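What follows is the residue order along each chain.
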Amino acid sequence: MTHRAPRPLLLVLLVALAAVGLVACGDDADDGGGNATTSTSGGASPGAKIVENDANGKVRITIGSKNFTEQKVLGEIYAEALDAAGYEVDKQLNLGDEQTALKTLEQGQIDAYPEYTGTALLSFFDVKTEDLPKEPAAAFEQVKADFAKKDLVALPPTPFTSSNEVAVTKATADRYGLRTISDLSKVASRLTLYGSPECRQRLDCLLGLQRTYGLRFKRFVPVDLSQRSKVLSGGQADVSIVFTTDPQNKRDGFVLLQDDKGMFPPYNSTLVVRKATYDQAGPDLARTIAAVNAKLTADVVQELNARVDLDKETPEEAAEDYLKQFGFTD
Amino acid sequence: MSGPLPPLAQAGEGFVRDRDAGSGASCVADDGVCPGWIVDHLDRYADPLARHVLLTVVAIAIGFAISFSLGLLAHRRRWLVAPIVQVTGILYTIPSLALFFLLLPITGRGFLTAEIALVSYTLLIIFRNVVTGLDGVPPDVVDAARGMGLDERQVLWQVQIPLALPEIAAGLRIAATTTVGLASLAFFAGAGGLGDPIYADPNFKSNVLVAGGLCVLLAIVLDLAILGAQRLLTPWTRRAVAG
Amino acid sequence: MSAPLAALGLFGDAIDFLLHARESRAGGTEVGGPGEFARLTWTHLQVTAAAVALAAAVALPLGLVLGHRRRGGFLAVSVSNVGRAVPSLVLIALFVAFLGVGFLNVTLALALLAVPPILTNAYVGVTQVDRDVIDAAVGQGMTDRQVMARIELPLALPLIFGGLRTSVVNVIATATIAPLAGVVTLGDPILSQGVYGDAGKLAAAIVVALLAIVAELGLGAAQRAVTPRPLRGSPGLPRRGRLFPTSPGKGLSTP
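Residue numbers (our numbering), protein chains in the order written: chain A, 3 to 332; chain B, 11 to 253; chain C, 7 to 261.
Treat the hints as calculated values from the structure; they're not laboratory data. Note that the coordinates shown come from a computational prediction; the quantities given were computed from them, not determined experimentally. Heads up, some of the hints might be wrong.
[To be verified] Taking lysine-lysine and the DSSO-like style, the derived pairs with C-alpha atoms no more than 30 angstroms apart in a straight line are: (1) K277/A <-> K188/A; (2) K130/A <-> K146/A; (3) K215/B <-> K252/A; (4) K215/B <-> K172/A; (5) K105/A <-> K277/A; (6) K172/A <-> K146/A; (7) K151/A <-> K60/A; (8) K130/A <-> K314/A; (9) K215/B <-> K130/A.
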């Protein structure tokens with residue numbers, strides 16, 4: 003037996019030490035690239051290119067998002083836009099449902115994420131269905147005021163709204179003669195509803211359907227949000243909760259039942275930012291976000307969702323395309 | 011997509027593609043298994059794969075360092091074996107998913123949280139095999155070594171550890187393949203890895219096949235690598251098998 | 007919450023979550039409490055039992071026959087190695103992608119996960135039975151089937167139990183991600199902390215861990231009970247019925 007034996011151990015220890023070092027430095031910062039042009043004032047006006055402002059480089063902003071395609075695309079758009087404006091941007095997308103996202107924001111692990119006015123009203127601020135504002139502008143003003151009490155700044159919203167929708171297949175709609183949600187009351191006891199895990203406690207989901215429409219379904223099955231269209235087209239669900247801007251609605255010919263009792267509030271997307279970050283970031287933050295928001299119409303957002311869900315682009319690619327084609331970045 | 015910037019007045023024109031039903035029933039749009047798409051988009055999995063490798067290798071390295079040291083310690087002081095096995099055993103029974111989520115509020119999202127959980131899962135397996143391996147060295151061989159004048163330290167490093175290598179390597183292999191599997195859940199802790207693309211589109215069969223396949227391949231490669239290293243370091247076993 | 011529980015902080019809150027139902031994180035619906043946990047645990051056990059039963063029904067006979075014939079050893083071991091390499095999330099995701107959500111699909115996926123340890127351990131358990139014993143039995147005029155049933159199976163039981171034990175614990179742990187595929191097990195509070203809150207998440211984690219520990223200890227005791235005394239190994243080390251014998255009765259390890 004020679005003296006070879008100790009060396010493998012030395013090697014192992016070195017590797018382990020290196021590994022510990024890697025762990026310490028391992029926290030990844032996702033940076034986008036910077037633009038070549040620089041100037042002293044930045045941001046953009048609607049339709050114009052975002053100009054990089056060196057002064058923004060001192061500000062670090064972490065953008066978060068919830069756990070479905072539209073949110074990830076929005077998160078990527080905002081992250082890239084702010085990066086183009088010169089900020090130091092990190093991404094923490096795909097956090098989870100709205101409660102998880104809000105908690106992460108309040109705890110400071112992220113600095114901003116896009117929330118929907120309707121979701122905020124119902125899930126965060128406990129607004130009763132009968133008190134819900136019907137107009138998008140009114141909904142935003144109320145949400146802005148309520149978020150301000152939590153030291154959060156809600157930036158002006160997007161033009162598009164994307165609501166929860168009660169969806170059935172065309173076959174089911176024809177079979178039971180369903181056009182509005184109220185039509186479900188005669189047949190709900192025979193139907194299975196599939197929804198996200200948080201659907202049980204949301205007034206714009208199962209809870210609201212039970213209280214506002216008095217619906218009692220045969221069974222409620224919580225499934226992951228990514229399955230919301232598949233369970234319907236696959237025949238497992240009789241009824242499913244989808245979003246207005248889901249590209250699968252059109253592709254699979256779903257019938258979106260009309261909200262005749264006005265259970266759903268407006269759902270424009272507003273970027274909610276921590277007050278400390280907002281104050282530190284200067285005027286370019288709001289200006290850049292407002293600029294990229296301007297072109298986010300329902301058609302465009304549905305297209306963006308389709309590019310990810312149907313064309314299998316990544317949210318990052320879809321966001322890049324959006325910013326380039328509308329002239330915000332090169 | 012790069013190209014000349016369109017004039018501002020027409021920015022975004024044609025952005026919304028024509029998607030009327032029937033106009034694009036392709037393999038990809040149907041969430042199927044599409045070899046063409048897979049080949050074109052393999053680069054998409056490069057970063058998650060690299061991340062996955064990093065998560066796994068770091069976890070095994072640290073886990074091995076800890077377990078090996080503990081194993082050496084417990085080999086001498088036998089009373090340590092039971093408590094160490096119990097503590098690492100408890101860590102091992104906590105489902106990995108639960109451990110990720112339990113750590114989140116304490117250590118936040120990211121690499122560190124994932125690593126703490128992943129390292130914890132390697133400890134029991136490797137520790138157990140280190141101890142069993144050292145126990146498995148025939149006492150006659152140890153006596154003979156002592157008889158040749160080797161001191162305790164030399165006996166340990168030149169006789170016992172090399173003879174225990176097959177058992178230790180076996181534990182490392184199990185730990186490695188298990189860690190690759192668990193690292194696929196690391197994205198829940200915000201640490202990336204191959205679980206990220208899987209969960210991003212769990213309906214797209216091509217996506218799940220590629221990301222999952224890479225996971226399995228990685229595990230097999232690591233398994234064979236450790237086996238190969240073991241064979242290299244223990245040439246006497248090769249001769250025994252051949253004879 | 008009672009004073010002593012409150013003193014234990016989050017842990018106490020988790021215990022309280024188990025004992026009393028409460029409003030969900032955002033209000034509006036009740037979560038927690040013994041009734042809900044009983045339901046979640048029952049589903050968890052159902053899917054585990056179904057998966058392991060299915061896996062055993064396939065893998066045990068196959069492993070026993072292959073071991074008896076001394077054929078396909080490489081296959082039996084390779085299955086185990088590759089099987090260990092397939093991450094649980096990948097397996098469930100594959101089944102969801104190809105078959106969709108539902109109890110049956112999840113059971114199939116988990117059964118696939120449970121097969122390797124059972125198959126390999128059954129095979130090795132049979133092959134490591136002393137040849138002399140078998141020769142003696144054959145010499146006494148026993149048929150093939152009798153040898154398998156009366157000699158090989160009983161002597162292979164310890165390893166078979168070891169394989170079952172590994173499988174059960176693995177499936178219990180993996181069933182925590184079943185809610186992603188529409189089967190609401192104890193993983194639901196962990197995955198949907200937005201609904202159940204931190205206390206719920208911790209409570210569910212505790213219950214799953216307890217389930218796994220009980221299964222491990224219970225089946226470990228059963229394994230010990232079926233092991234002939236001379237073959238029992240040293241105490242203090244959990245025996246998971248590992249794969250290849252280095253020397254019979256001394257302890258089993260992989261090469």
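Item to complete: Kindly indicate which numbered hints from before are broken by the structure, ordering the numbers from low to high.
Response: 1, 6, 8, 9
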